[in-house]
Every structure is written in structure tokens, then in C-alpha cells.
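With the hints as constraints, model all of the structure from the sequences given.
Here the protein sequences line up with chains V and H, keeping their order. When we follow my numbering, the leftmost residue of the first sequence carries the number 27, and every step to the right adds one. When we follow my numbering, the leftmost residue of the second sequence carries the number 27, and every step to the right adds one.
For the record, the hints were derived by calculation from the structure and aren't laboratory data. Fair warning: there could be bad hints in the mix.
Since copy identity is lost for identical chains, a pair holds within one copy or between any two.
Said to hold, decoys possible - Listed next, the in silico PhoX-like pairs over lysine-lysine satisfying Cα-Cα at most 25 Å (straight line):
#, residue 1, residue 2
1, Lys254, Lys216
2, Lys50, Lys64
3, Lys50, Lys326
4, Lys216, Lys326
5, Lys130, Lys64
6, Lys130, Lys50
7, Lys130, Lys216
8, Lys216, Lys50
9, Lys326, Lys254
10, Lys254, Lys130
What follows is the residue order along each chain.
Number of protein chains: 2
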Amino acid sequence: MRVTIADIARQLNLANSTVSRALKDDPRISTEVREQVKELARQLGYRPNLVARSLVSERTFSIGLVINDIPWSFFGELAQHIQNAAESYQYATLIYSSGNNPHKERIGIESLVARRSDGLIVSAHENMENIHLLEQLSREGCPVILLNNIPAVSLDIVGVDNVNGNRSAMQYLADLGHRRIAYIGPEPVKSFEVERLAGYEQFCRQFQCGEELRMVFTGEASPLLGYKATLSLLENNHTPTAVLAYNDIIALGVIRAVWESGLRVPDDISVVGADGLALCLTAYPPLTTVAVPIREMAVKAVELLMQRIQANESIGRTTPARIQLLPELIIRQSVSVPRS
Amino acid sequence: MRVTIADIARQLNLANSTVSRALKDDPRISTEVREQVKELARQLGYRPNLVARSLVSERTFSIGLVINDIPWSFFGELAQHIQNAAESYQYATLIYSSGNNPHKERIGIESLVARRSDGLIVSAHENMENIHLLEQLSREGCPVILLNNIPAVSLDIVGVDNVNGNRSAMQYLADLGHRRIAYIGPEPVKSFEVERLAGYEQFCRQFQCGEELRMVFTGEASPLLGYKATLSLLENNHTPTAVLAYNDIIALGVIRAVWESGLRVPDDISVVGADGLALCLTAYPPLTTVAVPIREMAVKAVELLMQRIQANESIGRTTPARIQLLPELIIRQSVSVPRS
DNA sequence: ATGAAAGCGCTAACAC
DNA sequence: GTGTTAGCGCTTTCAT
Chain V
27 MRVTIADIAR
37 QLNLANSTVS
47 RALKDDPRIS
57 TEVREQVKEL
67 ARQLGYRPNL
77 VARSLVSERT
87 FSIGLVINDI
97 PWSFFGELAQ
107 HIQNAAESYQ
117 YATLIYSSGN
127 NPHKERIGIE
137 SLVARRSDGL
147 IVSAHENMEN
157 IHLLEQLSRE
167 GCPVILLNNI
177 PAVSLDIVGV
187 DNVNGNRSAM
197 QYLADLGHRR
207 IAYIGPEPVK
217 SFEVERLAGY
227 EQFCRQFQCG
237 EELRMVFTGE
247 ASPLLGYKAT
257 LSLLENNHTP
267 TAVLAYNDII
277 ALGVIRAVWE
287 SGLRVPDDIS
297 VVGADGLALC
307 LTAYPPLTTV
317 AVPIREMAVK
327 AVELLMQRIQ
337 ANESIGRTTP
347 ARIQLLPELI
357 IRQSVSVPRS
Chain H
27 MRVTIADIAR
37 QLNLANSTVS
47 RALKDDPRIS
57 TEVREQVKEL
67 ARQLGYRPNL
77 VARSLVSERT
87 FSIGLVINDI
97 PWSFFGELAQ
107 HIQNAAESYQ
117 YATLIYSSGN
127 NPHKERIGIE
137 SLVARRSDGL
147 IVSAHENMEN
157 IHLLEQLSRE
167 GCPVILLNNI
177 PAVSLDIVGV
187 DNVNGNRSAM
197 QYLADLGHRR
207 IAYIGPEPVK
217 SFEVERLAGY
227 EQFCRQFQCG
237 EELRMVFTGE
247 ASPLLGYKAT
257 LSLLENNHTP
267 TAVLAYNDII
277 ALGVIRAVWE
287 SGLRVPDDIS
297 VVGADGLALC
307 LTAYPPLTTV
317 AVPIREMAVK
327 AVELLMQRIQ
337 ANESIGRTTP
347 ARIQLLPELI
357 IRQSVSVPRS
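Below, the structure written as C-alpha cells:
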């Protein structure tokens, strides 16, 4: 049997509550007793049972994080920052990765709630059933922060202004003289996908430039799909002077395809990514990218969640918060002025 | 207030225990009552409180995973596989990333234990104090699976035979005719670092080839350090015909440095990575690598942990298990025969 | 087939 | 300053 508060109390002829207080440095307990208790606790190797504590305090001091996948690093970096931010509030983070599967996402949400996470941060799959589930949970008293821009949803949102992020990247390319700018990314389904494409298209329309270079493929964002899409774009002789990729991962695939085609980055084709992952520095040449302020996003999301938890309020009483973070263009070496 | 079993019992004029059983499809409860209970549970939006359940059952159905960092994808991929494997046993995974900081690692371990994880999988920082803590926990009844090869430790280990992995990579290079093979990696402190360097050095000694090309830098494995190390290697005119990098991340930095120096991969310099991450396909050219069977590692670790949990045995009674996984060389396009 | 009661480890009124 | 008591939500003997 593991050692409990009762064991300590018995050996010291104290009441459980006294031991409990002593362990928490309650000023009402005399210093001697406190020391005595702590000393014995150490000797016996007492480890508090947070499960029991949670049952009475109705608080687990843990938050749940639901993401799509850990490996491709956007979520990895995000998870790390969220964990760090939560830790500064003495909170643990339970990470659940849905593998982009709405059914698994649902299981994950339910599991985190059943484990009584004090709140949830969710980068959702955007399946409406699950969004409704989250709204429901929020109403039932479990605060939820959403990391996607979903309109008309009664949840707090910490989102990214991808439209303007990509518009500013386009502006940068146009200012350098680029007119034939391609976009390579997945079909616009999720908010990030829709917004990033929209930023590109809005700019194209406004400046009457190259919307025929919009290249949308089916499937999840991966370097391989970026690679293949680029190859087929180049084959068709629709050669652009610059490519705006949906994200960094795809951009790396684009770069590989350009080199393999015997062209050079950035001399023949400039490439811009998005997300701002550390692995941009992995590319040759290092990737210019529309960086999402991932750390800030994590900090803001956790901050907001902690407010909700402390105020013991979910949505219903209050208007949902809408925080929008603006991406920042990080200029590296994958872009130059167009060749001709 | 959230709805509890007692609420359902009251409304249906049943005992709590009956409701509890009905919810679990206990055959002793009549089908009608079972249906009635479940129906009302659905209507009221009953959600089981796993905290309460855990307190009595002494099981949380969650395991703790302690890793060094999530973002650089080895641990990301690992975490994903562990989570998947655990899920097949109906277990949730609590991930804690220590950011390579032994003190934070300790906090993380304690936090996971306080939350009463049924077991731990740890890719340790290899700080001996923490290892002893883990041994202690194991003795106290919390099974621990270690993912590092640490000698003479009384914990189950699912490790990687990095020595032979790297020797086979060297053999492959030598067979192609390479004699001037450099190694680029961090100072050998952790087991992975020691073993991978050892695999290189053993081969060099055996075949009397180029140990002067061993290039060890200070700091954590990052593409930037791989990049810088390569540049200084090339500056000193110690030009190798091939580079064996500590891992894929560093290899990507090496590749970038080679291109920037006006040399070509693999024509002038061949590059081999290690780990076998998905981002190898991101490189130009796609990276040949000594792939760790990450998924298998995850599956084996979880399998072993589940056995320990089910048998309700940690180390002490039993001899610790020693599972060694052999990496596999995945041949892509970053290696060719040497130039001259 | 169902109920009553005890208890998991801890906390928090309330007493003295 | 310390003890008593009740109870968090659930499971599990032991009755009936």
C-alpha cells in the first residue's frame, strides 16, 4: 500500500486534517508540527494523491489540448508552448492528438472531459458535430478555447488572421516585381486553408495577377504533395516566378521540386511558406515565411482559459472573446527579384 | 451542478449501485432497467467522473509519457505512436515534455505520478538523480519503461541498437568506396549520442579510416549546429567524401551547408542521417537515413508497460526486460559513390 | 435482480 | 492550534 495522509496522522497521533494542513503550510499549524509532519512524509515517501484531492476540490489542475497531429511540427511547437504556458499556472497539460480524424477527435474530447480537465484548448477538425459538442460542454461548465476561426460559434476563439498574413506576403512579392505568383495548397476546407487561399485570391483579383496559377491538390498538407503539385505545375509550362505555399511543410516540397527540375531557388523561382516553424532553417535556402506567432497564441489561449476557469464561467453568461493574431513575414533567402 | 449517478438513481427510484451497474451493462441488471437508465443518462447529459472512479478502482487508465521536447519531430512521432498504441488498450496518454531540462523532467515525473498514472514511459534526460527517482517509483509500484540504454539500471528498457545501426551505415558507405567519412554530432553525453558516435568510431578503427573527420560540437542537436559544424569542417580543407550525421535534423543542416559551399549532394559529398523521420523526404535530395523503428518502439514499450500494469508488478520481483531494436538503413538519394 | 452501506484519500466546515 | 465530521462520485461487498 502506498502511504497516505492517514498513515502519517496515525504515526504522529494527529488528525488527518492537521496533516493535510501541515503539508500545505497552513499558518494555523505550529511550526514544529509542520516540520514534524513534513519530515515523516519525506521519510515514508509520501506522495499526494491528486485524484483524491481533485474529487473534493472539483479541480484537477490540468487542461486538455486537442490537436490534429503531433508529428508535423506546427502542432508540436504549439503543444510545447501551451504546456509551458500552462505550467506557469501550475497546470498540467493532457495532449490528445486526433490524427485528423473527427471520430477520434470526439473520443479525445470526451476522454479529456471524463478525466475532468478544468478546461480545453482545441484546434478543431471543424467537423460541426464536434463543434456543437464543444459548445455543449462549454455550456455545461467546461471552458473551451478554440484555435480556429469558425463563424457564429459561442466559444472563445484565439485565431490567426491568415487572410491578411498572406496578403502581406503577396504584397511583398509584388513589390519585388513578381506578377506570376502561384499558390500551392490543399483544397480549402478548414479555416486555415480557406483563409490562406483567400488572402492569395483577394490579392490576385485586386491586382489582376495570375490566378490561373492557383494550384489546389487533394489530400493533407505534406511535403510530398507540395512536391508533386509543383512538378505538375512546372510540366504544364505555367512556370511562375514565385510560389506561395499553404505552409512551410509544403514549401519544403516545393523547393525540392524546383531543384530537381534543374531550376534554382530563389533565382528562378522564389518560394514563401507559412507557419514559421523552426524547420524553415532546415531548407536550402532558408525559407521566407508568413510566421504565425505560435508562442503568443499559446500564451493568449492559456491566459484566456485560466480567466474562464478562475471566474468559473464558460460561455453563456459572457460574450465569447475573439482574439486575432496577425502573422508576421519573416524574410530569409528563398525569395529574390524575378529573373527577367 | 453536473449530473451524477445519484441524480439518475433518484429520478428513477433506484439505488446508486444499480445505476452504476446498468451503465456498465452488468448482466445482473434487467434489460429494461438498463435501457431506462441509459436513456435517462443520455437525456440528462450524464458524463462519468473518471476522477471518482479512479479513486476507488486505483486505476486511472492513463499512462504518462516523459520526453525531452515535442517540436523536433523524433519525439513528436514517438508521442503519436505511443498515444495510438495506448489507445488500443483504452488508455489515455499524458505527455510531458521537459525541454531537455533535468529539473523540469523531475517536476514532470512527480506530476504524472501524483496524478496517478498507471505507468510511465520515459525517454530520460539521463540525469542519474532522476533515474534513481524512477527506480524508486518503480519499486513503489509504478511501472516504468525506459527508452534509453542505461547500464545496470533496474528498469525495463526498450532501446535502440545505435552502435550497430551506425556501423551498418558506415559499411554501406565503405562498400560504395568512401574512405574519408566525417561524423557530425553533439558531444557524446546521452546514450544515443554515445552509441551513435561509437558505431562510427568502431568502424573507423577497424578499417583504419578517417577518424580525424570526427566533428563534435557543443550544444543540442539542431540544423543550425549541423550547418555550422559542416562549414567549419569544409573550411579546414578536411573535405570528406561522405558525412554521417548524428540525426536527420543535423543532416539537413549539413546538406544546406554543402549546397551553400558550392558543392553538390551527393555528387561531391554524400550525407546520411539517423532517426528516419518523415521530414527526410523534405530534403533535396531525399535523405538516406539509419531509421529507428519508432512505431515498433512505441508498440513494444506500451505492450510491456501494459503487461506490468496488468500483472500489477513493477521491477523488484521480476528481472527487468531488455528489448533492443535494430535500426534499418533506408536508402534514398543523398548518397552516391565518391567522386574521385 | 436490486438495495444498503462502507470506503477510496483528501479537504473544509465547524467545533473547542 | 488541533480534532471531528461529513462528503466529493463512484464501486463493491454483502444482504435480501
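Hint check results:
no.	hint	verdict
1	Lys254 / Lys216	within (22 Å within a copy, 39 Å between copies)
2	Lys50 / Lys64	within (10 Å within a copy, 41 Å between copies)
3	Lys50 / Lys326	neither (30 Å within a copy, 40 Å between copies)
4	Lys216 / Lys326	within (22 Å within a copy, 35 Å between copies)
5	Lys130 / Lys64	between (44 Å within a copy, 23 Å between copies)
6	Lys130 / Lys50	between (39 Å within a copy, 22 Å between copies)
7	Lys130 / Lys216	within (17 Å within a copy, 36 Å between copies)
8	Lys216 / Lys50	neither (47 Å within a copy, 37 Å between copies)
9	Lys326 / Lys254	neither (37 Å within a copy, 35 Å between copies)
10	Lys254 / Lys130	neither (29 Å within a copy, 42 Å between copies)
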